[in-house]
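If you read the protein sequences in the order shown, they are chains B and U.
If you want the working numbering, it's the position in the first sequence, counting the first as 1, plus 50.
If you want the working numbering, it's the position in the second sequence, counting the first as 1, plus 2.
One thing to keep in mind: the hints can contain errors.
[As the list claims (entries may be wrong)] Label-pair distances were calculated between CB atoms; the ranges are:
no., chain 1, residue 1, chain 2, residue 2, range
1, B, 408, U, 190, 45 to 51 angstroms
2, U, 218, B, 395, 32 to 38 angstroms
3, U, 259, B, 395, 44 to 50 angstroms
4, U, 67, B, 66, 26 to 32 angstroms
5, U, 12, B, 302, 47 to 53 angstroms
Derived by calculation from the structure, the hints in this document are not laboratory data.
Small disclaimer: the values here were computed from a predicted structure and weren't measured.
No residue lacks a Cβ here, since even glycine has one placed at the ideal position from N, Cα and C.
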Amino acid sequence: MCGIIGFMSRKKRLISGDKIAIALDSLKERGNGQGSGYVGYGIYPKYKDSYAIHVFLDNEPHYNEIKENVKKTLEKYGYVLKDEEIPTKEGVLEKEHIPWRFFYDFDEKYRDVEEDTMVKIVMEINDKIDGAFVFSSGKNLGVFKASGWPKEVAEFYKLDEYKGYMWLSHARYPTNTRGWWGGAHPFNLLNWSVVHNGEITSYGTNKRYVESFGYKCRLLTDTEVVSYIFDLLIRKHKLPVEYALSAIAPRFWKEIDNMPEEERKIHEAIRMTYGSATLNGPFAIIVGTHEGMMFMNGDIEKENAMVGLTDRIKLRPLVAAEKDDLTFVSSEEAAIRKICPELDRVWMPDAGIPVIARVEK
Amino acid sequence: MEKERVNNMEVIVDAKDLEYRELNEKIHEILNKNPNIKKIILKNVLGQRFIGNGIQKKDLIIEIHGIPGGDLGMFMNGPTIIVYGNTDHAPGNTMDDGKIVIHGSGGDVTGHSMRGGRIFVRDNVGYRSGIHMKEYNDKFPVLVVGGTAKDFLGEYMAGGIVIILNIDNKGNDLGKIKGKMIGTGIHGGSIYIRGNVDKSQLGVAADIKEFTEEDKKRITPYIEEFCKEFGLSDELKNKLINSKYTKIAPISKRPFEKLYTPDLR
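Okay, chain B solo, but in the shape it has when bound:
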């Protein structure tokens, strides 16, 4: 189960967060109230060139101490411009964690390696600081998630007060691991955000693979590893996005055998090199990105994109739609029509074949 929906404006029109909350609410039957979450891109224009770091602090008397530890870790590499509790509405949810945010710039000497350093910081905090989890670490974007129904979580975080040009969201039905705030989707690292319906049965293999590159899986949910695989393959290894996606949901050998020589060699090489990055099991995922996305031929496009992808044999649903400058991806068409009744085009993407929506230049 699980319900996912995301939309973006290819013209970067800013849209209020209450739209995505209404759409996700209509998918609530696909979840069980144990986790809902949203990510908005373009929501922090005032700090758009700084990192917006969202952290869960355990809600206990010494939370301030935990927060200071996080701050100390951040200050080893740069400057906190501002930090504050993420505004929430009282009385909507049981506040298991205190969501805190830091707007942050790196020191000059880390500028060339700031993304790598940010990954290091996130891993360090999640691994070493008891009672703190970073759940969002990109620029001009923010994840808002908790245990609760879609409507409650949106109300708790006052989502209608944010405006973004892209929103992804998820209503969770926890299966293999318990529902908790950190286990809700989206999972984010830098500018990658992932929402996922299904289960990653290859989690063990994938986890060991990314951990050999220094990533640490600490959020107790299989989807976490997907955001690290995207970061590793596309940002670090600079694979063109189509090939990275082919590593994640590879073509069948039978299909590869029938490809033209050059293409066949590429896909063979991908399967052999990135066997451990292959996601097995049923899945439908949407991946949001922000900048530094690689497309064909490895050209760097400093633009934004949203990716929708299902497993190769389509064990989870995914519908896509378009209306003017808007592109939608969802588990169910009805959720899209809830916020956009008239659509120009509705289609069911082929299994294992990505849909990529790019912001217009």
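Go by the hints and put chain U onto chain B.
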């Protein structure tokens, strides 16, 4: 619009913002109060699941305007459901008898485990449509799709007929179908696809059989009914009836008999 309007034969229900439980309870309440009712019209349907589930009434028509949620007409025995829009997953799930007409596309697993009745889809169907359809004595399910079907069509099919007409909404040919793994694990029934299908597109246990005059006679009434439901021209109807179809049927009745019990015989 009024939430509900009743005369002797017909009821209109505005489903806007109704939870699926509320809507389905309302439908059952209407049926209980008006045993002679002939038609229920549902307006502004959006994502409500399980519409028409388990209803046993031969002469009832349920008209749906909008996008119903999953498992439309599940376990239904008798009624006709007409949808003006697309449907989500598994319309006709384990349907026993009756008819579902979709003026749009069906989601994944359209006709899942159908055991009787007919489903007509004007446009396309998703993955695994016709999965596990079965037949028994006079129970004989039929799924007719105007457009095309995604992979795993007729997976584990055990009976009945699936017909893929392969035309777009204007009646133009869509070209060779792309679907893969057709009829994986099929052990009964037959799939008729208009046009050619390569053997490489079949799943394990499926085979291409000769399309005979007898097959043509068998599918003609269902093609005629499809054309009538969607108001297609006689010209188009004749084209569809007189086209070449690829018949896909099981290699044997028990394709996996040696897979799990190799030593038992």
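Consistency of the hints with the structure:
no. : hint                                  : result
1   : 408(B) <-> 190(U): 45 to 51 angstroms : holds, 47 angstroms
2   : 218(U) <-> 395(B): 32 to 38 angstroms : holds, 36 angstroms
3   : 259(U) <-> 395(B): 44 to 50 angstroms : holds, 46 angstroms
4   : 67(U) <-> 66(B): 26 to 32 angstroms   : holds, 29 angstroms
5   : 12(U) <-> 302(B): 47 to 53 angstroms  : holds, 52 angstroms
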